[in-house]
Structure formats: structure tokens, C-alpha cells
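Student: So the chains spell out like this:
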Amino acid sequence: MNDGNFFRSPKRMLGTTNAAELGLLYFATAFINLLIAGTYALLIRTELWTPDPIYFDTAKDYNVAFTIHGTGMIFLVVVPLGAGFGNYLVPKMVAADNNDMYWPKWNNVAFWMLPIASVFIWFSQAPIGWTAYPPLSILMPGVDMWIVGLVFAGTSSSIGAINFVLTIWKGRAPYVKWMSMDLFVWGTLFTSFLVIIATPVLTAALVMILLDRNFNTVFFSESLSNPILYQHVFWFYSHPAVYIMVLPAFGLISTVIAKFSRTQVFGYSSMVIAMAGIAILSVSVWAHHMYTTGIDPFVRIFFTSMTFVIAIPSGIKVFNWLTTMYAGRIKLRAPMLFALAFIVMFTMGGITGVYINIIALDLNLHDTYWVVGHFHFIVAAGTLVAMFASFYYYFPEITGKMYDEKMAKLHFWFWFGGNFITFVAFQVLGMEGMPRRYYTYPEEFQLWHQIATIGAYLMGISIIFMAISIHRGLKSEKLESLDDPFELGSGYDYPEPFADYIKREHGEDLVIEHKLSIWAPAGAFSLVLPFLGLLAFTEGGPFARGKALESFSGSLGGNIFIVLFLVYLGFFFQKESSAHIGELNPVDKYREGERHWEIWVFLASEVIFFTAVIGVSQAIKWNSLTWPDTNDVLSVPYTAVLTFVLIISSFTMATSLEHVKNGDMEKFKKYLLFTIILGLVFLTGQIIEYAQLAGEGDVTLADNATYPLFSSIFYLQTGFHGLHVLVGVLFLGFVYLRARKGGYSKDNHTYVELIGLYWHFVDLVWIILFTVVYLI
Amino acid sequence: MDNSIHSGLSDLGGNYMSKIEINEDTEHNMFGIYKNTFLALTIMTIVEVAASYLPDGAYVTVILLLLAVAKAALVGAVFMHIKYDKTPWLLTLSVFVVPLAAGSILIFNVWKDWRGVAGA
Amino acid sequence: MRKNSKYKLTLLGSLFTLLMGIQLVSGRSNLSDSYDRLFNIVTWISIVVLLFVSVLMARFVLKYREEVEGARSPIGHTMAKKLEAGWTALAIFIILVLMAVSYPTLSDLDDTVAAGTGEKLIIEGTANWEWVFHVQNSTGGVDVIRPVVDSNNVKTTTMTLEVNKEYNFIFWASGSWIHSFFVPDLNIKMDVNPGTNNSISLTILEPGNYVVLCAEFCGAGHSQMRGVIIVE
Numbered sequence: 076m077n078d079g080n081f082f083r084s085p086k087r088m089l090g091t092t093n094a095a096e097l098g099l100l101y102f103a104t105a106f107i108n109l110l111i112a113g114t115y116a117l118l119i120r121t122e123l124w125t126p127d128p129i130y131f132d133t134a135k136d137y138n139v140a141f142t143i144h145g146t147g148m149i150f151l152v153v154v155p156l157g158a159g160f161g162n163y164l165v166p167k168m169v170a171a172d173n174n175d176m177y178w179p180k181w182n183n184v185a186f187w188m189l190p191i192a193s194v195f196i197w198f199s200q201a202p203i204g205w206t207a208y209p210p211l212s213i214l215m216p217g218v219d220m221w222i223v224g225l226v227f228a229g230t231s232s233s234i235g236a237i238n239f240v241l242t243i244w245k246g247r248a249p250y251v252k253w254m255s256m257d258l259f260v261w262g263t264l265f266t267s268f269l270v271i272i273a274t275p276v277l278t279a280a281l282v283m284i285l286l287d288r289n290f291n292t293v294f295f296s297e298s299l300s301n302p303i304l305y306q307h308v309f310w311f312y313s314h315p316a317v318y319i320m321v322l323p324a325f326g327l328i329s330t331v332i333a334k335f336s337r338t339q340v341f342g343y344s345s346m347v348i349a350m351a352g353i354a355i356l357s358v359s360v361w362a363h364h365m366y367t368t369g370i371d372p373f374v375r376i377f378f379t380s381m382t383f384v385i386a387i388p389s390g391i392k393v394f395n396w397l398t399t400m401y402a403g404r405i406k407l408r409a410p411m412l413f414a415l416a417f418i419v420m421f422t423m424g425g426i427t428g429v430y431i432n433i434i435a436l437d438l439n440l441h442d443t444y445w446v447v448g449h450f451h452f453i454v455a456a457g458t459l460v461a462m463f464a465s466f467y468y469y470f471p472e473i474t475g476k477m478y479d480e481k482m483a484k485l486h487f488w489f490w491f492g493g494n495f496i497t498f499v500a501f502q503v504l505g506m507e508g509m510p511r512r513y514y515t516y517p518e519e520f521q522l523w524h525q526i527a528t529i530g531a532y533l534m535g536i537s538i539i540f541m542a543i544s545i546h547r548g549l550k551s552e553k554l555e556s557l558d559d560p561f562e563l564g565s566g567y568d569y570p571e572p573f574a575d576y577i578k579r580e581h582g583e584d585l586v587i588e589h590k591l592s593i594w595a596p597a598g599a600f601s602l603v604l605p606f607l608g609l610l611a612f613t614e615g616g617p618f619a620r621g622k623a624l625e626s627f628s629g630s631l632g633g634n635i636f637i638v639l640f641l642v643y644l645g646f647f648f649q650k651e652s653s654a655h656i657g658e659l660n661p662v663d664k665y666r667e668g669e670r671h672w673e674i675w676v677f678l679a680s681e682v683i684f685f686t687a688v689i690g691v692s693q694a695i696k697w698n699s700l701t702w703p704d705t706n707d708v709l710s711v712p713y714t715a716v717l718t719f720v721l722i723i724s725s726f727t728m729a730t731s732l733e734h735v736k737n738g739d740m741e742k743f744k745k746y747l748l749f750t751i752i753l754g755l756v757f758l759t760g761q762i763i764e765y766a767q768l769a770g771e772g773d774v775t776l777a778d779n780a781t782y783p784l785f786s787s788i789f790y791l792q793t794g795f796h797g798l799h800v801l802v803g804v805l806f807l808g809f810v811y812l813r814a815r816k817g818g819y820s821k822d823n824h825t826y827v828e829l830i831g832l833y834w835h836f837v838d839l840v841w842i843i844l845f846t847v848v849y850l851i
Numbered sequence: 012m013d014n015s016i017h018s019g020l021s022d023l024g025g026n027y028m029s030k031i032e033i034n035e036d037t038e039h040n041m042f043g044i045y046k047n048t049f050l051a052l053t054i055m056t057i058v059e060v061a062a063s064y065l066p067d068g069a070y071v072t073v074i075l076l077l078l079a080v081a082k083a084a085l086v087g088a089v090f091m092h093i094k095y096d097k098t099p100w101l102l103t104l105s106v107f108v109v110p111l112a113a114g115s116i117l118i119f120n121v122w123k124d125w126r127g128v129a130g131a
Numbered sequence: 022m023r024k025n026s027k028y029k030l031t032l033l034g035s036l037f038t039l040l041m042g043i044q045l046v047s048g049r050s051n052l053s054d055s056y057d058r059l060f061n062i063v064t065w066i067s068i069v070v071l072l073f074v075s076v077l078m079a080r081f082v083l084k085y086r087e088e089v090e091g092a093r094s095p096i097g098h099t100m101a102k103k104l105e106a107g108w109t110a111l112a113i114f115i116i117l118v119l120m121a122v123s124y125p126t127l128s129d130l131d132d133t134v135a136a137g138t139g140e141k142l143i144i145e146g147t148a149n150w151e152w153v154f155h156v157q158n159s160t161g162g163v164d165v166i167r168p169v170v171d172s173n174n175v176k177t178t179t180m181t182l183e184v185n186k187e188y189n190f191i192f193w194a195s196g197s198w199i200h201s202f203f204v205p206d207l208n209i210k211m212d213v214n215p216g217t218n219n220s221i222s223l224t225i226l227e228p229g230n231y232v233v234l235c236a237e238f239c240g241a242g243h244s245q246m247r248g249v250i251i252v253e
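If you read the sequences in order, they're chains A, B and C.
Residues in the first sequence are numbered consecutively from 76, following my numbering.
Residues in the second sequence are numbered consecutively from 12, following my numbering.
Residues in the third sequence are numbered consecutively from 22, following my numbering.
One should not assume that every hint holds.
Capping the alpha-carbon separation at 25 Å, the derived lysine-lysine pairs in DSS-like fashion look like this [stated by the list, open to error]:
(1) Lys97(B) x Lys821(A)
(2) Lys46(B) x Lys742(A)
(3) Lys550(A) x Lys476(A)
(4) Lys696(A) x Lys123(B)
(5) Lys736(A) x Lys123(B)
(6) Lys553(A) x Lys180(A)
(7) Lys123(B) x Lys821(A)
(8) Lys406(A) x Lys84(C)
(9) Lys46(B) x Lys745(A)
(10) Lys94(B) x Lys736(A)
(11) Lys744(A) x Lys123(B)
(12) Lys252(A) x Lys102(C)
Keep in mind the hints are simulated off the structure, nothing from the lab.
Computed from a predicted structure; not experimentally measured.
In isolation and in its complexed conformation, chain A is listed as follows (with noise of 0.2 Å):
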């Protein structure tokens, strides 16, 4: 697969639209990475050695450390590994179209906003946890940058989510049946379903904390609003993001055990129903994480409930890996004791988590060390084992050649030794009342923390070990054979590939080709530029809070960063309106008969979304004593006017929808044209009605508001909305040059019709917006 000139050509590695190669790229993003936050994991466990200071002066220092560590841990190292194996194995075991994922650019462009999410979060020194609470977070220097990264990361995350579910529902060959799939297929397919439900909450909860930060509003304000509802927002996200790195992770293992035990997987179709189980449970187990705050009696007890009912599956799980090995022939190598280590810590890590889902127990544990433990079981112990064991496993198929053993065992027994040692000293810890995140502690805990950190040093070691095996590996000679290099009787048996399937029953030769594309890389990095004149404006500007990029000029700084995105966005419209229509088309023409998921997926995320704005919006609007009356404070008329502009709009790009499929090409650019007009127009209307309403005063964020809560989420629900309409204008407009370039016809109009659905989506939020905002 890997022909070793890959890492060699820049322009290869920026370019490549290769789901394979886009694998190798997360897996090295992901080493390096992890190389980052694993040092600042031993910086925090050298600075706990003694309660003295050591490396970190200041407190402050070591709550960035464990703010990048944990983050980074997450976001950039465990998620991305994820999506690496999703890359390298989905297309195989499903069998795909061209070797590849189903939208090869936008892969690409997935894989790119990772290392600049990476930038942005190892440079945003933000002293806050990776939970970020308000009104910490709210006061701290350098969460704009550090949202900035977790806002990029979560929309890597996102396209690729999207892009493995499209993969495996649509790109999957006819002859792969779902129930004989292998188990990663169905992991990468729930954790992607997780990703496109979850993650647009999150967002939403982290624009909310950057629009506190600096355009004070006042979602979380503790004497106008409530802090505690920005907690039920982030885990709404980030529990099921636990789910998001181990589903996969289940997977890969899955296929380690039965392989090295030369049996299949036992129970193969409780496996897939308890994945899903977890998928599904996952979403309501959120508030587990705040049964210490004071929470409503009801709801814990519905959380708790939700809770336990969702370890059974994960019981299952273990049991039916434990009954895979029954009756085999174990063969222990590397990958082998990766994955029983797998068992063994992910049961510690369930069995722990059991104790802090019991409230009364939950009063002591919650937030001190035996937190920590648990779930550093989970995910250090549990979801990262697993990925090394997948590592050594696929890699002599990756390189060609095999890893060194000897380096790759003492790799394991340090990683396993080192984790048991360390987390085991975290429990500890937990039960004698040791809090979390304590830069300095009480000398009574001083032995079990020494014990801790002994471990981290052996996990550090074995990394070293990790690097000479692979580095060994890639010097060692080729494998002649890739059937079977464990020598296990069978090896990575994927389903027969789409192109030989073809070639057999049809006779026919389809060409596996992967087509460079420098401008999709450049999309991703162009993205940077808005962002960062958003950072120019909040950290030095005039809305400045933190002091981060203070240096920066934020009125200068900004508009160049904006000027030069409308600048690269201009060359863009005009390179890609005149590209070839076969290149542009984002599905294949063999798709096409098909409904187009891809959008509606995506809409799907967008649903999430504005239900999370718009519900949390009313949630404060419920819970307010004084609520003005809307027909005094806003405009009713104006603003009906303005939802009647975007009505005819959406009747009109319908319109133009039909006449492309008649093939009337005139006045389908006429309608094309009156819609984006119209789309201006209801722009237009709301920067003059945000103009009047600053000047006015009852709705404005001033200090001295009359209205702080109903203008805070007045500017939420409608900005988000027009910023909609902006993108939307923005594809439109990029629609309407292809378009009088001849780019669309009769018979090829996909993207006009992917626009339209968007376009009439906006409209459909808007209408609910409308009455939910300025009617009632």
C-alpha cells in the first residue's frame, strides 16, 4: 500500500485524497501528538513527586499542563487514532468504490483541520481543565484560542464522521452483508452516528463560553443566568465522546482476539446490538458527571438508572471476548497481549466506574483521584492498548514489513506494568480523599502519589521501546508474503475488493485512481484565517478579555486575516467554478439514483444543533423572572417581511430546481439569481435591524441592559441563523458562476440540489425561529 516515498513528497502528503494514506497521516499526527501530551503527562507526574514545586513555579503552569494534557489526549491523540483506522480499514472491509472513502476531498480536508487544531491547542495555554466550567473558563486568558482548536478538531471529526457513515452505508459493496462485516465497521459506524449527534452540542456550548468571554453576554452569568447549564451542555457532548473513542476501539479488538485465538467472535450479533446499545444509552448518561452539584433529585435518579443500564452491554462485551478465546490456539504475540491487557483494564475501569454512578459513594469519590483512575483505566489503559494492539496487528500490512517483537513486548510490559501501577495508585488515592488537579497536596498522600509517578516513567520508557520497534521494523527486510505474517493460519481477510469483483463478473477494468487535490488542503488551512482575525479581535480588540495575542493590533490584525480569507476565497470561487465538471461533483455518477444522504446527514447534525441552541435558549427564557414583551422590544412587521423575503426565496430556488431538471438552463440561472438576491436582501435586513436595535438600547448587551438574558439569546438564535444564510449565500454565489460557466445541465445538477435542501432548511429554522423568538 505504502510505496516509502509517501513521507518524502509534501506534496503527496497535503494532497493525497488516499483513504489509506490519509490513515498513515493520522496515525503519525497522532504519535506525535501523543508524544506532546505524554510529556506533559510526566511534567505534572515529576511536579507531584514532592507537594514542593519542582518543574512548575506556579500553579498556573501546572493547570496548563493538565488542561493541554487531557485535551490533547482526547482530541488530538485517541479520536484522531480512531479515524486513522476508520481510514486505513473501512474502505477495505466494506469493500468500497475505488479503494476509498466516498468523499475523497473532504477527507482531506477532515484530515488537515487536525494539525491545526493541534496548533491552536498546544499554543492556547489555557489554564482552565479540559472540562473548561464557567465561569473559570469565562476569566481565564487563552480559552478563545483554545476553543478555537476543539471547535477545528470537533469539525475534523465531524466531515469524518459523516464521511464514514456515507462510506459504509452507500460505498459498501453490494455482496458485504451487514451481519458478516467486521466488528470495526460497526464500531466506526456508531461512534460516527455519536459524532454527527454530539458534536454540534458542543460546539454550541463552546460558542456560547467565547461570546461570554467577549461580547458579554450572559449565558452563563452566575447572577443573571445559571453556570451549572453550560455542565448539562458539555457532557451532553463529552460523555458520549468516551463512547467515540472506544467504539472503534471494541472493534479492533474484537478481530485481534479471534485472530491470534484462530477462532471466530463469539456472539457476533450481541456484540453488534450491545454497540449499538452503548450508542444509544450514551446520550442520556450525561449528568452522572454532577451528582455533586447540587443536582435535581429526579434527574439523578433518572442518570444513575441510565447509568447502570448502560454498563451491561459493555458486561456483555467482556464476556463474549473472554468466550472468543475458548477452545483456540492462543498464540501471544505482541498484539495478543495488548489485547487481554484490554480486558483486564477496561473491567478495572468499568468496575471503578461503578462506585462513583453510586451517589452515596459518589459524595466521597466524586472529583478526587479515583475519577483520574477510572478513567485513565478507560482510555489510557483500555481504548489505547487497544489501539496498539491494532497497530502491531495491521502493521506488517501497513509497511510491508514486521515490527520488532522483542522492542514491541517489553513496550507491552512496561505500557501494561506502568498503567497498573499508576492507576491502581490514582484509586488509591481517590479513596484516601486526594482531589484532583492539586498543584500541591497534604504530605499524607505524598507515598501513593511517588508510586504514580514510578509508573508514568515506565509508560514514558515504554514508548521509547515502541519507536525502536517500529524503527527496527521499517529497517528490516520485506515480507515476502503478506497472506499471513503472524503465521496464525489466516490473515487479514477483507472482502474481495469492488474493482476485482467487476473484473470477474463483468469483465470489465476499473482504474483505482486517487486523484491529487492541492485545494483542499488549502480550503482547510484557509479557514485558519477567519479564525484567527476572530482571535485578533477577542484577545487584543476591542472586546478583549484575555492577553494572549496581545501584541496583536486586534482591529488590524483582524481585518487582514479577514481580507486576505475574502481574498483566497475569491480565488477560489474562480478556480473551482471553471473546473471540470467531473472533478467538482462530490458524489460519483454511479451514486447518483441514490437519495442524497450525504446532505441529509448533515442536516441531521444541523437538527441537533439548533434544537441545542434554540432549546437551551427557551430554557432560560422558562426559568427567567422578567421577560420583556417582544412586540415593545423588536419589530414584528419588519421582521415579517424579512421571513417572507426567505419564503419566496425557498420558492424560488425550488423553482430553479425544476427548470434545471427540465433543462432550461436561462431561467434556471434567472431563479438561481433571485434567490441569492433575495438571501442578500434578508441579510441586509438583519445587520440594519441588529444597527437599530444597539442604538435603541432595551436590546443590547451593554453593561447596563435592560434585557441582558433576552438579548443574549436574541443574538444567539439569530446570528447563528444568519451566519447560516451567509454560508448559504456563499454556495450560492459559487453555484451561480458554475452554473453561467455551463457547469450544470439536465442531467447533472447533484450539487444544485444539495444547496437547495440546505437553503430550504435555513428557511424551515427560520420559520421556527421566528415564531419561537419574535411571535410568542
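Here the structure of chain A is known, so what remains is to put chains B and C in place on it, guided by the hints.
Tutor: Just chains B and C now, with coordinates in the frame of chain A:
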């Protein structure tokens, strides 16, 4: 490349190539349907604005919400072509109902577990 | 925390002896009793589950290593179906047991909160990362107790409470940080939220010194805000 896959797949049977386009009869009338939908949306918007000037009360809120849902449903069904889809219920369920339900769990708990003064 | 620690841990480090060695001493407060028993029950269940998984795994690895010759008799189809159902039933059973043992304590806390009885005691978490205790004194006034700062900038606030007397702890965040009032030896933790005040009613049944820590990350001074409750 595209063409070869195209022909390869069309041989595989209806799975990939099944058309979900609207059938010939309705195609001629689509412009008319759009126009009627547009009129219905306009009328409902006017009613909405008028209703919002009625004195506040639960019944006004209910009417407004029903109108909003009706309008949204019209846009979804006609403009977004869900009505003409092969399996409209599957589409509605997976794209609208499931995310709405998931979001509603969140909102219900946020509302139920509300803390704070929430004045002003 | 205390010299006669309630956790008597061996240094051997093996998990089994570790968990076996934990003995919670009951009777510190009116809430501790059932919690200690619960902890021990859950620990025993956990030990059984962990042993079951590890022993089964070790046994399979030893018995079915490729080096071990001899025929293997795989699980037949019917048996596999039964076993699959059996595993599911076992997982459900374990969870049901855990629910059964934990649910009786579910509303303990609510009862004490709802009661709101006892002498008022305001626990203030400040913006400067310090505990300030507002304790009613014998003359009917309120003593405001502020922390003592040591050379390491550790801020310790000390108050004296009476044994066997019910107090109504009211948690108030006077700054913008969320704190969490945590007394490990009393099995108590309650967040101190800006904007709203949580409260619990508590009777301490045993004299002694109880260390107070902050358990919710609150910024730079998080690890240095401490307190001591002297119960006599």
C-alpha cells in the same frame, strides 16, 4: 472511470439505480405546487403576525406553535421533496425526529435541573 | 487522612490484597453508616467480577496456548446461543444486584437537604481561594472565621463544632469560582456554586479533626484552600 463504474453497477440490479425522482404526472405540476405552497406559507405568516398582537395567553402560544410547525412541515415536505421521497417516514425519522428527541432529553434535563436566580 | 487511617493498605500493591485491606470505619457522621457498608458490598462484588474475568482469562490463555497440544472442542451452535444469552443474563444480573444495593441510599441526601434542620452554618468559598466559616457563637452572634496562611501559601481555616449536634451547612460562593466543600473522612462533598446555595444537614458523631479540601477545580489557588473542622 466514472462511466465504467456506472455501467458495472447498473448491471448489479436496482439497488443503486432505483430512481426516487417524482413520476411524470406530477412533474408538470411542480411549479403550480410550489406556487400554492408559497401562498399557503405567506397566508400563515400573515395570520401569525396578526395572532401575535392578540393578548398573551396559552391558546395564542399554541396557535403560533402549531402554525410554525405546519409551515416548517410544508417547507420540508414540498420544497425539500420529503413528500416525494421513496420513504418519507424514514427520512423524517432519521433526520428530524431522532436528533430532536436526543436534543429534547438535554433540554428537558436543563429545564428540570435549573439553578440560579434567572432574573432580569 | 488521619493517622489511624480508615484505609489500611498493604504495600504489596496487588489489587486483591489492596481491596481486601480496605475497612471503612463507620459512625463518623449520620450519613457515613450506610455508605461504609455500601462501599464494602460494592467492593466485594467488584472483586468477584474482576477475579472471575481474570481467572477465566488466565485459564484460557494457559489451557489454549498454541504450545499446548491436544484436541480442542469448540462450543457447538446450540450451546453458543445459550451461552450468549447466559452472558447477557449474567451482566444484567450483576447490574441488578448493584442497583438493589445502592438504591436504598439514593435519597438520603435529599432527606437531609429537605429537612433544612439544625444550626445554620455558612460555608463561604471566596474569590481568593479560601474557606470562610460563619459559625454561630454562644452569645447568638456570628463568628466569621478566616484562614491562616502558612509559608507555602496554604490557607487553612479552622472551626470548632460540637459532636452529636445537627448543623445545617449552607454553601455560598462569594466569588466567581465554583468550589466544592469536601471532607473525606465524613464522606461529604457538595459543590459551592456561584448564584445558588446548596445545603445539607449533618450530625457528626465522633470527635476528632476533619480536614476540609476543595474538590472542584477553581483556578490558581485550588490546591491551597484547606480547612479543619475540630469536633469536640
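Student: Decide, hint by hint, whether the structure agrees.
Tutor: Hint-by-hint comparison with the structure:
no.	hint	verdict
1	Lys97(B) x Lys821(A)	holds, 21 Å
2	Lys46(B) x Lys742(A)	holds, 16 Å
3	Lys550(A) x Lys476(A)	holds, 9 Å
4	Lys696(A) x Lys123(B)	holds, 13 Å
5	Lys736(A) x Lys123(B)	violated, 49 Å
6	Lys553(A) x Lys180(A)	violated, 32 Å
7	Lys123(B) x Lys821(A)	violated, 53 Å
8	Lys406(A) x Lys84(C)	holds, 12 Å
9	Lys46(B) x Lys745(A)	holds, 17 Å
10	Lys94(B) x Lys736(A)	holds, 18 Å
11	Lys744(A) x Lys123(B)	violated, 50 Å
12	Lys252(A) x Lys102(C)	holds, 21 Å
Of the numbered hints stated above, those contradicted by the structure are hints 5, 6, 7 and 11, listed in ascending order.
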